[in-house]
Amino acid sequence: MNAHDSHSPADSNTGPEPFVGQSVRRTEDLRLLTGQGMFTDDAVVVDPVYCAILRSPHAHARIVSVDTSRAQAMPEVVLAISGAEAAEHWTQIPAGMDLMDMKLPKVYAIATDKVHYEGEPVAAVVAETRYAAEDALAAIDVEYEPLPAVASVEDALGVHPFDAPDGPWSPKAVLYEEWGHNIQCDWAFEIGDPDAVFASAPHVVSCRPAAHRYSGVPMETRAVVAEYDAGRETLKMRVSTQLPHQSRTLIAQILGLSEPNVQVLADDVGGGFGNKTQVDAEVIPALMAKLSGRAVKWFEPRGDWLSSGPASRDYAHHVEGAFDNDGTLLAIREHLVGDEGCDGATRSAGLGALLVGGTYSAGPYHVRSYKARVQAVVTNKAPYGAYRGYGKETANLAIERLMDTAAAKLGIDPVAIRQHNLVREFPYEMAAGPIIESGSFSQLLDMVTEAMDLPALRLRQEQARAEGRHVGIGVISFLEPSAGSIPMSVFNGYETASVRIMPDGKAMVLSGLQGIGQGVETSLAQITADRLGLHPGDVRIVYGDTKAVPYGLGAYASRGATYGMSAVYEAAGEVRRKLLKAAAGMLEVDPEDLELGRGEVWVAGVPTTRLSVQEVARAVYLSPGPYATLPGEESPTLEANHVWTNPNVSWVPDEHGRVRLYPTHGSGAQGVVVEVDVETGEIQIEKMWIAHDCGKVVNPAIVHGQIIGSTVQGLGGTMFEQLSYDDQGKLLTKTLNDYQLPNIMSVPPIEVLHMETPSPITPLGTKGVGEGGCIGTPAVLLSAVEDALREFGVTVERTPLDPMRVRALVRNAPQTAPVAG
Amino acid sequence: MIPTQFDYVAPGSVDEALAALAQHGDDAKVLAGGQSLLPVLRMRLNAPEVVIDLGKIDALREIRDEGDTITIGAMATYQSILDHTGIKGSLRLLHQAISEVADPQIRHRGTLGGALVHADPAGDCGAPTLALEADLVIQGPSGERTVAATDFFEDLFTTAVGDDELLTAIRFRKHDGWGSHYEKFVRVAHQWPIVSIAAAVKVDGGTISEARIGLVNMGSTALRASATEAALVGAQATAEGVAEACAKAADGTNPPSDLNGDADYRRHLATVLTKRAVLKAAGG
Ligand SMILES: Cc1cc2nc3c(=O)[nH]c(=O)nc-3n(C[C@H](O)[C@H](O)[C@H](O)COP(=O)(O)OP(=O)(O)OC[C@H]3O[C@@H](n4cnc5c(N)ncnc54)[C@H](O)[C@@H]3O)c2cc1C
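Those protein sequence lines, which keep their order, are chains D and W. When we follow the numbering used here, the leftmost residue of the first sequence carries the number 1, and every step to the right adds one. When we follow the numbering used here, the leftmost residue of the second sequence carries the number 1, and every step to the right adds one.
Where hints are given, some of them may not hold.
[Stated by the list, open to error] Simulated restraints on C-beta separations:
1) D/Arg798 x W/Asp27: 47 to 53 angstroms
2) W/Pro39 x D/Gln728: 54 to 60 angstroms
3) D/Ala73 x W/Gly25: 50 to 56 angstroms
4) D/Pro763 x W/His108: 27 to 33 angstroms
5) W/Gly162 x D/Asp229: 55 to 61 angstroms
6) D/Gln36 x W/Arg173: 51 to 57 angstroms
7) D/Leu410 x W/Pro104: 41 to 47 angstroms
8) D/Glu462 x W/Ala239: 23 to 29 angstroms
9) W/Gly25 x D/Ser170: 52 to 58 angstroms
10) W/Asp151 x D/Ser65: 32 to 38 angstroms
These aren't lab readings, by the way, just hints derived from the structure by calculation. All values reported here derive from a predicted model rather than from experimental measurement. No residue lacks a Cβ here, since even glycine has one placed at the ideal position from N, Cα and C.
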């Protein structure tokens, strides 16, 4: 064993010790780190042409005319097409979700009569080279009639809903005339007579947390390679997507193709983060392939990702909490208003994030009275999509800011008020509907405060304050609802797996999940290996090919560990049963007497009576075959399919208007120490702690990576990243020079602590882990900065925490504090 | 990168490069390290017909120690400047500022000459060049001329280098005996500065006898804070001693407003950072 292997006990261990729970080295990493990945644009196709998309320079305008003739006449241009021309060949984009009476824009992937944001496609070309395609865009003449740009919720409604929740509205302009207003969805529910509780509560505190617009920035932007075979009427498409199957459904529908004739392939995907869960511009190169008869490659430029990719956050939240004298939370009232840009349900799926924000604002705390109102408002900005967190960070910021505000007002220690209110008994049905199936919330909070050594930190903070330095400490809890399941949408609640042992004794798993960097090839192999007595290296995981894998739903909403792993576990269990049955027949013993491991099956206590899995497999399939080895078995080979689903999902609103969209619930607690330079507004993050519980941990190294990654994304969004528009709806952040991402130098030390509280509803006890750090990090940072500035008496409830805004908080503070130096 | 089409020439000498410039005039663009020019071409903000690459002219990469001065060839990369021991010893301000430019990849490509001709007021190199009172050597069809740093930066992205000229070298007087500090303020490490201060001071027995302050991103060019420089002469090198002078750091400036900071915030930062830079320069 060399030094390398010492990190990976599994590599040298094929004994009875299960692979689940070990940090098995990620099988996908070697190819990814040595440049052997197969990302969409890596695909080599015969005689390709290259697609480029002309995008609107206006936020809101009527299209008077589009003339592609000059472009079409250019020597290397194969095809140039306007939205009106394209509309003869495809349908409008079908909605990805349709529930809660949401309004659905009727739009094409290339605009026909009107543009709704700067960056909306208005024409497309394919040409022999990427250069020629780009040159051709400049030769397309578009005449626009600009319309007033709706650049904010105030523009969209004339009044902010916090001031007049039911209008009357006086919009600056209406995006979709047929709606008559700019509200895509208005959802409300209440339970437990909250108004009465508020009226009699000893204390009412309120806050208005708000987050700016930001989103994921995957290294690989959107990309497509499309090949159309006119003879067979088949379309083969490589797409950088999280949802190969639903992409196929939607693309087939849009192009009027028979769904079995469309193949979507997604081998390696260079980052998803929720951002690649829709079909929007992706269908343009597909149409171009169909019309031109040539293989089409499209690789989205970074600037187009920033101007037209799915955006997130951008909301204002008004939350009120009713508290008893001892700090008991009695009721929550909230009103969440999201600026969705032009659309959150058809072009992309961000609307659901606002519904999640409205549902989960009690977080991990006990409360019986709850009232929510969610308004999703459309404006002339890029579509609103899914992004790691998906409203759970919205809910978390609300409840955690409320807890801090209540603690300060009631004179209770901020950790103590949280401990006092955390849910302790499970399963727990939240007032808002979801069932939290298990958890150890209070222990997680203890873990974090102990690791931080909170009393010592508070002492250090005192000393720093005496020197005129402003050190702040934040501690929060968070709930991580996972495995989002939205019936009436492409984000449904089931997953498929097909598991087979091949005649050579190696296993193959076809999973409906999608690999987007989370390591599913490794973790699913660990689970399968344990079930089938194999080494993970002998298990091949196949995903991302609609021709190979049964219909499944892909990667989103931290669903892999709940849905994908459970489906594989169950399917592999069925194969195991058949494997043991066949082996028992061959050894002439009872299946119950057999043990399985290290690629072999043997009689318990008689280790010399053994067969290799390969011998059994060969016997089942070929020599002699299933007549002899699995007589009477209904499906007599070593293959099984399973579709895993669960009952903790409900989508028809109950008598209170509530729904239940997440079956499992990870959770955690976070701590941070910051120092604020009050002269410049700069925030130095000294250290972060995060305690996390995702139920059963299948691979600790992968879980660790997910937590670090999501924490850094949460930090980047809260501190640096920003999609900013001017008051005419023009994007100001069109490059990564303006949209500032965190880098290795911006990342503080992060200490990760683990806790395992198994979920009772999944066979392995797994929950989800993809989003944790994105959920709690905004709240813990705001909490710490407010704590650092306590002497100034300022409230910190909005992001971004950029130095200019932090300095302005200090400068405009109601109180002044002594400054050193 | 998908720029518009251009021709490419790589002359082997300064004379050949000047001849190419004379031939193509406005239609040509000179390429040094490409770290500013290539992004401009990629975004199609500029569409030159000819790109003249100076990369083959080895003479322009030389760094010469001339006793009292050090002359840095326009094509010397940031990294070669950082690796030069004479610069580390005698031009610490320049060394420190360059060590904070972008990241190692960019520092191995980007050149001091390219940065100065590009003349982005947010660039790190203009302010130390001003504060160290460098001379810039320019060659054109009618020969060589030398321009003082104060006369070099004319406006946003505009310098004294004409369309038919090349910057060939930057000459610095050694600053042994000076204290200096480069104070860079960024949101994300390795990013362009929001505001930076390049301070060089001479201290005699606790009193500042001379001061040079360069400002980054406080106007359409790199600037000197002359009011502060004057007021620092004779000041005690203590927090109280320099406070009044440093409060003038933004006098007469017209800083830009953008997402990272509006003009008022930049003015405020300039005073805070100047004080910090001067104190560190005086202390070190
Ligand atoms: C991601 C990134 C981050 C960066 N961060 C920073 C930062 O933090 N701080 C900072 O200061 N800079 C930063 N830069 C810019 C970097 O410093 C550039 O290298 C520098 O601005 C230009 O130098 P260059 O040699 O690359 O010049 P080029 O890009 O090749 O040329 C720049 C301009 O100067 C002209 N030119 C070049 N040489 C000559 C010459 N000898 N005579 C006449 N004209 C000439 C060119 O025609 C062109 O117009 C960053 C760049 C990138 C890509």
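Quick rundown of the hints versus the structure:
For D/Arg798 and W/Asp27, the Cβ-Cβ distance of about 49 angstroms falls inside the hinted range of 47 to 53 angstroms, so the restraint holds. The hinted range of 54 to 60 angstroms is not satisfied by W/Pro39 and D/Gln728, whose Cβ atoms lie roughly 25 angstroms apart. The hint said 50 to 56 angstroms for the Cβ distance between D/Ala73 and W/Gly25, and at roughly 31 angstroms that hint is violated. As the Cβ distance of D/Pro763 to W/His108 is approximately 53 angstroms, the hint placing it in 27 to 33 angstroms is violated.
Range check, W/Gly162 to D/Asp229: about 59 angstroms between beta-carbon atoms, so the 55 to 61 angstroms window is met. Look at D/Gln36 against W/Arg173: about 54 angstroms separates their beta carbons, and that is inside 51 to 57 angstroms. Between D/Leu410 and W/Pro104 the Cβ separation comes to about 52 angstroms, which falls outside the hinted range of 41 to 47 angstroms. Under the hint 23 to 29 angstroms, the C-beta atoms of D/Glu462 and W/Ala239, about 24 angstroms apart, fit the expected range.
Take W/Gly25 and D/Ser170: their Cβ atoms lie about 56 angstroms apart, and the range 52 to 58 angstroms holds. With their beta carbons about 52 angstroms apart, W/Asp151 and D/Ser65 fall outside the hinted range of 32 to 38 angstroms.
In summary, the numbered hints that this structure violates are 2, 3, 4, 7, 10.
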